[in-house]
Amino acid sequence: DAGITQSPRHKVTETGTPVTLRCHQTENHRYMYWYRQDPGHGLRLIHYSYGVKDTDKGEVSDGYSVSRSKTEDFLLTLESATSSQTSVYFCAINSDTNYGYTFGSGTRLTVV
Amino acid sequence: QKEVEQDPGPLSVPEGAIVSLNCTYSNSAFQYFMWYRQYSRKGPELLMYTYSSGNKEDGRFTAQVDKSSKYISLFIRDSQPSDSATYLCAMSAGFQGAQKLVFGQGTRLTINP
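Protein chains in written order, with the numbering used here: chain A, 3 to 114; chain B, 205 to 317.
Check before you lean on any hint, since a few could be wrong.
Stated by the list, open to error - In silico contact screen, one side only, chain A against chain B (beta carbon under 10 Å); selected entries: (1) GLY18; (2) TYR66; (3) SER71; (4) LEU77; (5) ASN96.
Unchecked claim - Simulated coverage check for chain A against chain B, where a stretch passes if three residues somewhere in it have a Cβ under 8 Å from a Cβ of chain B: (6) 43-50; (7) 97-103; (8) 106-113.
These are calculated hints, taken from the structure and not from any lab test. Beta carbons are placed, not taken as given, at the ideal position from N, Cα and C, and that holds for glycine.
The following block holds chain B by itself, in its conformation from the complex (with noise of 0.2 Å):
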């Protein structure tokens, strides 16, 4: 079984939605959640990052962690064309020294006008 799993999708949504994505985890070890944002044929870029449990919120993007549950939580308010890409969680046990980042499979998301 994957340390991390993520719903690979793909998922279509209309222009204007609120959109979900999610990932859980099984190392409790884990205390820094990333989500990364790649757009085709491009390598991944950080969107966010939060430590440990609770929410951060930039702009139209908001992340959601739980470390009870072991699931993290992407959420896009008014999602636009630009937004389609796929989406990748992110997480790690330490911050100092090399990260060694668990990545998600990816969530393939697609914004219809």
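Excised from the complex, chain A in its bound form (with noise of 0.2 Å):
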């Protein structure tokens, strides 16, 4: 998608080993944000960032953490991945003037 892209777009891992996952934007959006994705459950809201070095936890937190070192990088980490945590996950961004997210492509992961 424009001005945003997800890294890697596919993943396999082992269980219990730390995963990261990276979205860059050349919008200079202020706000970013990580969601994942399932079946019966829809999207829902990981963390997000409202600027550099400020994030916030969402509705599904517990297990992942989030850096922002720069405008353009918001990273998603897996500390120590497990079952549960295969789905797809989707990068968004957006700004104060603008309604709505623009998502990134996914990323596939699969924790095996």
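Two chains, each in its own frame: build the complex with the hints.
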């Protein structure tokens, strides 16, 4: 998607290993979000950021941490991956002047 | 109970039909309402947004909000096979600051040629 990229697109990892997903934007938007999407649950907010080094928890933050050292990058870390964290992870961005989000293309994570 | 409820479907209709997609919600603080369209293996894209109650039309799409009933709808007229996708409703209480959208679980729609 224009202005926002996620990496990797796919990842398979083992239970207990740390995993970091990256979201990079070129829109200079202030707000960045991490969501996970699961069947029967839709999109659920994990963490979000409202500026460099300013982050807060969402609805399903247990087992996840985030960091934002630059405006353009927002990292999501699974500290010790579990099978329940197998999901599709989406990053989203927005600013103070636009409705809604722009989403990335997602990262499909499988924990085995 | 979830803050936003959406029938997951799947919903299958013939080409040219009028499609009605709906969500209900429980949080009376919600004021901003959106519909996203998500194609398979892609990220959601914003389709329409409305503020408070009322209707909004954009081409073949009409969004309706009834805050008194806590009910929102998306209508698609003259549906096309290219409209086949998952449609997600989303809503938030505020616009300024981090919006923290709350999503429905999405309705999978198939338009049959």
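Status of each hint after checking the structure:
1. GLY18: violated (28 Å)
2. TYR66: violated (16 Å)
3. SER71: Since chain B brings no Cβ nearer than about 18 Å to SER71/A, farther than 10 Å, the hint is violated.
4. LEU77: violated (17 Å)
5. ASN96: holds (6 Å)
6. 43-50: holds (count 6)
7. 97-103: That given contact holds, which follows from 4 residues of the segment 97-103 of chain A lying within Cβ reach (below 8 Å) of chain B.
8. 106-113: holds (count 3)
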